[in-house]
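S.K.: Residue numbers (my numbering), protein chains in the order written: chain R, 710 to 974; chain E, 710 to 974; chain W, 710 to 974; chain U, 710 to 974.
Calculated directly from the structure, the hints in this document are not laboratory data.
Predicted, not measured: the structure shown is a model, and the values here were computed from it.
Certain hints may be false.
Note: identical chains are not told apart, hence a pair may lie in one copy or across any two.
[Said to hold, decoys possible] Derived BS3-like pairs (lysine-lysine); straight-line CA-CA distance at most 27 Å:
1. K840 x K721
2. K861 x K779
3. K753 x K854
4. K827 x K947
5. K723 x K890
6. K779 x K857
7. K723 x K934
8. K890 x K753
9. K718 x K854
10. K843 x K779
11. K858 x K718
12. K718 x K947
13. K779 x K871
14. K858 x K713
15. K790 x K921
16. K786 x K840
17. K951 x K719
18. K823 x K713
19. K871 x K786
20. K843 x K823
21. K753 x K861
22. K719 x K887
23. K827 x K790
24. K857 x K753
4 protein chains.
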Amino acid sequence: MVTKIVEIKKTKLKNGMLVVGLPGIGNVGRIAAGYLVNFFKTEKIAELYSDHFGNFIWIDPQTSLSQVIKNEFFKVKGARKLKRDMVILIGDMQSMDPQGHYEIAETILAYAKKIGIKEVVTLAGYSIGEKVNKPHVLAVANSEKIRKKYEKLGIDFNASEKIGSIIGAAGLLIGLAKFYKMNGICLLGETHGSPILPDPKASEAVLKTFSKIINFEIDTSDLHKQVVEAEELYKRVKDMEKQAIMRLLRQEMPKEEKEKLTYIG
Amino acid sequence: MVTKIVEIKKTKLKNGMLVVGLPGIGNVGRIAAGYLVNFFKTEKIAELYSDHFGNFIWIDPQTSLSQVIKNEFFKVKGARKLKRDMVILIGDMQSMDPQGHYEIAETILAYAKKIGIKEVVTLAGYSIGEKVNKPHVLAVANSEKIRKKYEKLGIDFNASEKIGSIIGAAGLLIGLAKFYKMNGICLLGETHGSPILPDPKASEAVLKTFSKIINFEIDTSDLHKQVVEAEELYKRVKDMEKQAIMRLLRQEMPKEEKEKLTYIG
Amino acid sequence: MVTKIVEIKKTKLKNGMLVVGLPGIGNVGRIAAGYLVNFFKTEKIAELYSDHFGNFIWIDPQTSLSQVIKNEFFKVKGARKLKRDMVILIGDMQSMDPQGHYEIAETILAYAKKIGIKEVVTLAGYSIGEKVNKPHVLAVANSEKIRKKYEKLGIDFNASEKIGSIIGAAGLLIGLAKFYKMNGICLLGETHGSPILPDPKASEAVLKTFSKIINFEIDTSDLHKQVVEAEELYKRVKDMEKQAIMRLLRQEMPKEEKEKLTYIG
Amino acid sequence: MVTKIVEIKKTKLKNGMLVVGLPGIGNVGRIAAGYLVNFFKTEKIAELYSDHFGNFIWIDPQTSLSQVIKNEFFKVKGARKLKRDMVILIGDMQSMDPQGHYEIAETILAYAKKIGIKEVVTLAGYSIGEKVNKPHVLAVANSEKIRKKYEKLGIDFNASEKIGSIIGAAGLLIGLAKFYKMNGICLLGETHGSPILPDPKASEAVLKTFSKIINFEIDTSDLHKQVVEAEELYKRVKDMEKQAIMRLLRQEMPKEEKEKLTYIG
Numbered sequence: 710m711v712t713k714i715v716e717i718k719k720t721k722l723k724n725g726m727l728v729v730g731l732p733g734i735g736n737v738g739r740i741a742a743g744y745l746v747n748f749f750k751t752e753k754i755a756e757l758y759s760d761h762f763g764n765f766i767w768i769d770p771q772t773s774l775s776q777v778i779k780n781e782f783f784k785v786k787g788a789r790k791l792k793r794d795m796v797i798l799i800g801d802m803q804s805m806d807p808q809g810h811y812e813i814a815e816t817i818l819a820y821a822k823k824i825g826i827k828e829v830v831t832l833a834g835y836s837i838g839e840k841v842n843k844p845h846v847l848a849v850a851n852s853e854k855i856r857k858k859y860e861k862l863g864i865d866f867n868a869s870e871k872i873g874s875i876i877g878a879a880g881l882l883i884g885l886a887k888f889y890k891m892n893g894i895c896l897l898g899e900t901h902g903s904p905i906l907p908d909p910k911a912s913e914a915v916l917k918t919f920s921k922i923i924n925f926e927i928d929t930s931d932l933h934k935q936v937v938e939a940e941e942l943y944k945r946v947k948d949m950e951k952q953a954i955m956r957l958l959r960q961e962m963p964k965e966e967k968e969k970l971t972y973i974g
Numbered sequence: 710m711v712t713k714i715v716e717i718k719k720t721k722l723k724n725g726m727l728v729v730g731l732p733g734i735g736n737v738g739r740i741a742a743g744y745l746v747n748f749f750k751t752e753k754i755a756e757l758y759s760d761h762f763g764n765f766i767w768i769d770p771q772t773s774l775s776q777v778i779k780n781e782f783f784k785v786k787g788a789r790k791l792k793r794d795m796v797i798l799i800g801d802m803q804s805m806d807p808q809g810h811y812e813i814a815e816t817i818l819a820y821a822k823k824i825g826i827k828e829v830v831t832l833a834g835y836s837i838g839e840k841v842n843k844p845h846v847l848a849v850a851n852s853e854k855i856r857k858k859y860e861k862l863g864i865d866f867n868a869s870e871k872i873g874s875i876i877g878a879a880g881l882l883i884g885l886a887k888f889y890k891m892n893g894i895c896l897l898g899e900t901h902g903s904p905i906l907p908d909p910k911a912s913e914a915v916l917k918t919f920s921k922i923i924n925f926e927i928d929t930s931d932l933h934k935q936v937v938e939a940e941e942l943y944k945r946v947k948d949m950e951k952q953a954i955m956r957l958l959r960q961e962m963p964k965e966e967k968e969k970l971t972y973i974g
Numbered sequence: 710m711v712t713k714i715v716e717i718k719k720t721k722l723k724n725g726m727l728v729v730g731l732p733g734i735g736n737v738g739r740i741a742a743g744y745l746v747n748f749f750k751t752e753k754i755a756e757l758y759s760d761h762f763g764n765f766i767w768i769d770p771q772t773s774l775s776q777v778i779k780n781e782f783f784k785v786k787g788a789r790k791l792k793r794d795m796v797i798l799i800g801d802m803q804s805m806d807p808q809g810h811y812e813i814a815e816t817i818l819a820y821a822k823k824i825g826i827k828e829v830v831t832l833a834g835y836s837i838g839e840k841v842n843k844p845h846v847l848a849v850a851n852s853e854k855i856r857k858k859y860e861k862l863g864i865d866f867n868a869s870e871k872i873g874s875i876i877g878a879a880g881l882l883i884g885l886a887k888f889y890k891m892n893g894i895c896l897l898g899e900t901h902g903s904p905i906l907p908d909p910k911a912s913e914a915v916l917k918t919f920s921k922i923i924n925f926e927i928d929t930s931d932l933h934k935q936v937v938e939a940e941e942l943y944k945r946v947k948d949m950e951k952q953a954i955m956r957l958l959r960q961e962m963p964k965e966e967k968e969k970l971t972y973i974g
Numbered sequence: 710m711v712t713k714i715v716e717i718k719k720t721k722l723k724n725g726m727l728v729v730g731l732p733g734i735g736n737v738g739r740i741a742a743g744y745l746v747n748f749f750k751t752e753k754i755a756e757l758y759s760d761h762f763g764n765f766i767w768i769d770p771q772t773s774l775s776q777v778i779k780n781e782f783f784k785v786k787g788a789r790k791l792k793r794d795m796v797i798l799i800g801d802m803q804s805m806d807p808q809g810h811y812e813i814a815e816t817i818l819a820y821a822k823k824i825g826i827k828e829v830v831t832l833a834g835y836s837i838g839e840k841v842n843k844p845h846v847l848a849v850a851n852s853e854k855i856r857k858k859y860e861k862l863g864i865d866f867n868a869s870e871k872i873g874s875i876i877g878a879a880g881l882l883i884g885l886a887k888f889y890k891m892n893g894i895c896l897l898g899e900t901h902g903s904p905i906l907p908d909p910k911a912s913e914a915v916l917k918t919f920s921k922i923i924n925f926e927i928d929t930s931d932l933h934k935q936v937v938e939a940e941e942l943y944k945r946v947k948d949m950e951k952q953a954i955m956r957l958l959r960q961e962m963p964k965e966e967k968e969k970l971t972y973i974g
């Protein structure tokens, strides 16, 4: 196998938009795009398989059946009044090696071109390394034209002050989109950047900004429940970390210091 | 060379089953499938070579001749009354890189398809990280239909409670089998997961479960001798580990503590 | 994507020279070649893209737009009186894996051949691991003929006394140029070899030697300002390193030693 | 570039033998084969280039010219009375990645087949990790027939007692030779296995055994001078190691222990 698309339903869009959320930092993009798949009425139109996704299979938590690792394309059906055709791409994994990233990104873009996509919006996170109360959202465009169009909506495109590069599919897809004559924009939600904890709050912020782009209000109340749970989890993990550090400090300190620490710890 | 099959004997099976046991954790699958090759009357029908098996050759312990690393397909001959045609795949190595795993798995499946295989059964182990007295066997199927068929025989398919993924050929072969319209099932024997010690007891348990699938009693008494030896080896290695830890502890302890340790150690 | 050239302007040179400066040790070559692009009146004639440049995009510091990683070919226009046609290649990155280096070098050379390049000059640095007051420049040629031609200008070709190999594009491009029947010469400026600090002084020295090759005086006064800044930066970083080492020493020393150190530190 | 042969002189051999010595442990094979190139009257008939040799060029110590990394085929000319046509393959490097080893080995074998090679003899070393006074030579054949043929000459083919595998070109070339219907034999000289020190004594032993195979006395007296030098170098390095260890021990010991050490050290 190299990278390949398995089409489930032939699709032809007019002025289509592709929204992409794959696993990454804080899982911000994956959570946001996964939410969209459920929020809208959608149907799966294609699957993408690749030998760059790693040499293993998942076991489905519900069915316990084996699952080859894949990315999935869902088309938003007409039920809710979107101004334009939309396809959402979510998935289990990104490429595990640098060159695979290019191969997969180009396979996605070639398929997107074929079905009529004109604009690619990737959702992702950017880490600031500490707890975020109200996550900011940065945007990066692949052309001056698209930047100007969305800047009018009050979206912050001054990304270069805060970040220098975008790693993985979220960056490559908008960068390479130029070669396919597609607009590209990446929305990056500010996140704590913990490597193990998901950050649905950043996803929620990204979706709020995405609402402006599609000029359609996305009700994120269902996602907000996850935010509360994630905040609690984050707090518990941070407390455990703090306690572990305290234990370490106590072991390395002379006895009288330890006692003091008990009172202030 | 890329990956290639060298056919030794043209074969055409009716409703054939491919049983696969390659090196892996505790060598569970390799030992089990190797046992089957000797238990049944078999003949070699093909060899698989690949540049993903590593840049070295073996020296045959019997003949001292050079051996290119390979996997081997054995066909079970009619001597014992099996209900269906069966081919067993064993080998020296699995792929050493992730993409090679895909390439080799697809080469195996394409060949299997060609000779009439309809069902792939992979044998492997899953680690619990401690000594196992009576190894449990988990099964993972690649479709609801095959799962239901074998669940009736009392096989435990609730794998997702204990494991989240299957790494290497055992997983990929059943996952990718779907694209070749073949049934796939993986039998995983519970093993201590020591990286250096083989675990024939887990292999024995896997063979007992495999007996149900082929509805044919496999006499594992020859394998059982290995189990006794492996248990003794495991015990000796664990004792050595314990003693090494004791020595380390003694070195780091003040003298009076050491003396106490001598009595309780 | 594999490696590919996107031609922006069709070009045909007579006896053309390709000058190459890509990121590397002390960034010596990149700074020197980048200086040439601004020093001469130039126009971009081609871009090179490759999946070997890494799985990320840059964010342009000026525009905040996404930038696929690339190398760029600039043609020197007739404004200043150069004796021969010249194209300058600069870029964001070199290949991140060994085989990509070959692929990219051959793509560059095939394009160079096509547009009429007869001689390839690569600019780079060689590390001596300590501060350099007056950087020496070494040259390496890919044939006796070209070596003799430039040795007459007083350029030092006795590189083998000081270095045994040239890593990356600077070396491969002149080595492989032979297969394309092109002359090749690499100019290496002596540099401190700090992994994080650019060394424009070495770039300046390389440009002075390059002046002889093209028989054209390159005014490096604008570059010289950077040299002064870089020297100050280098001094500050070295001071910080020294202080960090002193702090470490003090922590590990008995008290009376520490006090002495305070006076001499 | 992928791996490719550049033929310098068209060659057609009768019952030809290919002798291979590439860099490896103690450089045993490379030194031995290099000695043969000079001992016989030879002419270069082909060069092999590959992007698997690493992303750098050599600087020739004599000419200071750039040298693309390569392997070289030399044909032994009729001056000395060899019973059969012989080609010697030496080189700067082996592949730096596992799959490149296969690609290069098969490129060599396909070329060998084309020019009439019937037998491949690879020269290499096997490490025992300590000083060797009289290096033993082990042989590994790729068929029972070739093993029997040379066993009659008193060559030791019981390699499996001492080694389990042969890494790199020396092993792969004889293993894969079977697919090209060529005989293959690997001669392995016992060596100290120091990673930095060449071991011409092992090379000398390998050449003595190789003499038997070609039924032609190879005068190794020129090589013997290198043996004496290498022994002295080995002794000096070992002494330096010992002193370094003594220094370390002294630093970590209490004062009275140190003093004792001075007398016995």
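S.K.: Are the hints correct? Go through all of them and say.
M.R.: Okay, the hints, checked on the actual structure:
Taking the closest pair of Cα atoms, K840 and K721 never come within 27 Å of each other, the shortest separation being 43 Å inside a single copy and 57 Å across copies. With identical chains, the CA atoms of K861 and K779 are never at most 27 Å apart, being 37 Å at best within one copy and 30 Å at best between copies. For the identical chains of this complex, K753 and K854 are inter-copy neighbours only, at 22 Å across copies versus 31 Å inside a copy, given an alpha-carbon limit of 27 Å. Taking the shortest alpha-carbon separations for K827 and K947, neither the intra-copy value of 43 Å nor the inter-copy value of 52 Å comes in at or below 27 Å.
For a Cα distance limit of 27 Å, the shortest separation of K723 from K890 inside one copy, 15 Å, qualifies, whereas the shortest one across copies, 35 Å, does not. Taking the shortest alpha-carbon separations for K779 and K857, only the inter-copy value of 25 Å comes in at or below 27 Å, while the best intra-copy value is 35 Å. Taking the shortest Cα distances, K723 and K934 never come within 27 Å of each other, neither inside one copy (35 Å) nor across copies (55 Å). For a Cα distance limit of 27 Å, the shortest separation of K890 from K753 qualifies both inside one copy, at 25 Å, and across copies, at 21 Å.
With identical chains, the CA atoms of K718 and K854 are at most 27 Å apart between copies only, with a shortest distance of 24 Å across copies and 33 Å within one. In this assembly of identical chains, K843 and K779 lie within 27 Å of each other by CA distance neither inside one copy nor across copies; the values are 33 Å within and 36 Å between. Within a single copy, K858 and K718 get their C-alpha atoms no closer than 32 Å, and across copies no closer than 30 Å, so neither meets the 27 Å cut-off. For the identical chains of this complex, K718 and K947 are neighbours neither inside a copy (46 Å) nor across copies (57 Å), given an alpha-carbon limit of 27 Å.
Proximity of K779 and K871 under a CA criterion of 27 Å is satisfied inter-copy only: 22 Å between copies versus 32 Å inside one chain copy. For the identical chains of this complex, K858 and K713 are neighbours neither inside a copy (34 Å) nor across copies (31 Å), given an alpha-carbon limit of 27 Å. In this assembly of identical chains, K790 and K921 lie within 27 Å of each other by CA distance solely inside one copy; the values are 15 Å within and 55 Å between copies. Taking CA atoms no more than 27 Å apart as the test, K786 paired with K840 passes in neither setting, with 37 Å inside one copy and 53 Å between copies.
Taking the closest pair of Cα atoms, K951 and K719 never come within 27 Å of each other, the shortest separation being 54 Å inside a single copy and 63 Å across copies. With identical chains, the CA atoms of K823 and K713 are at most 27 Å apart both within one copy (14 Å) and between copies (22 Å). In this homomeric assembly, K871 and K786 never come within 27 Å of each other (Cα to Cα): the closest approach is 37 Å inside a single copy and 37 Å across copies. In the homo-oligomer, the alpha carbons of K843 and K823 never lie at most 27 Å apart, since the shortest distance is 39 Å inside one protomer and 55 Å across protomers.
Taking identical chains as interchangeable, the C-alpha atoms of K753 and K861 are never at most 27 Å apart, the minima being 33 Å within one chain and 32 Å between chains. In this homomeric assembly, K719 and K887 come within 27 Å of each other (Cα to Cα) both inside a single copy, at 25 Å, and across copies, at 21 Å. Proximity of K827 and K790 under a CA criterion of 27 Å is satisfied intra-copy only: 19 Å inside one chain copy versus 47 Å between copies. In this assembly of identical chains, K857 and K753 lie within 27 Å of each other by CA distance solely across copies; the values are 26 Å between and 33 Å within a copy.
Violated hints, listed in ascending order, are 1, 2, 4, 7, 10, 11, 12, 14, 16, 17, 19, 20, 21; each of the other numbered hints is respected by the structure.
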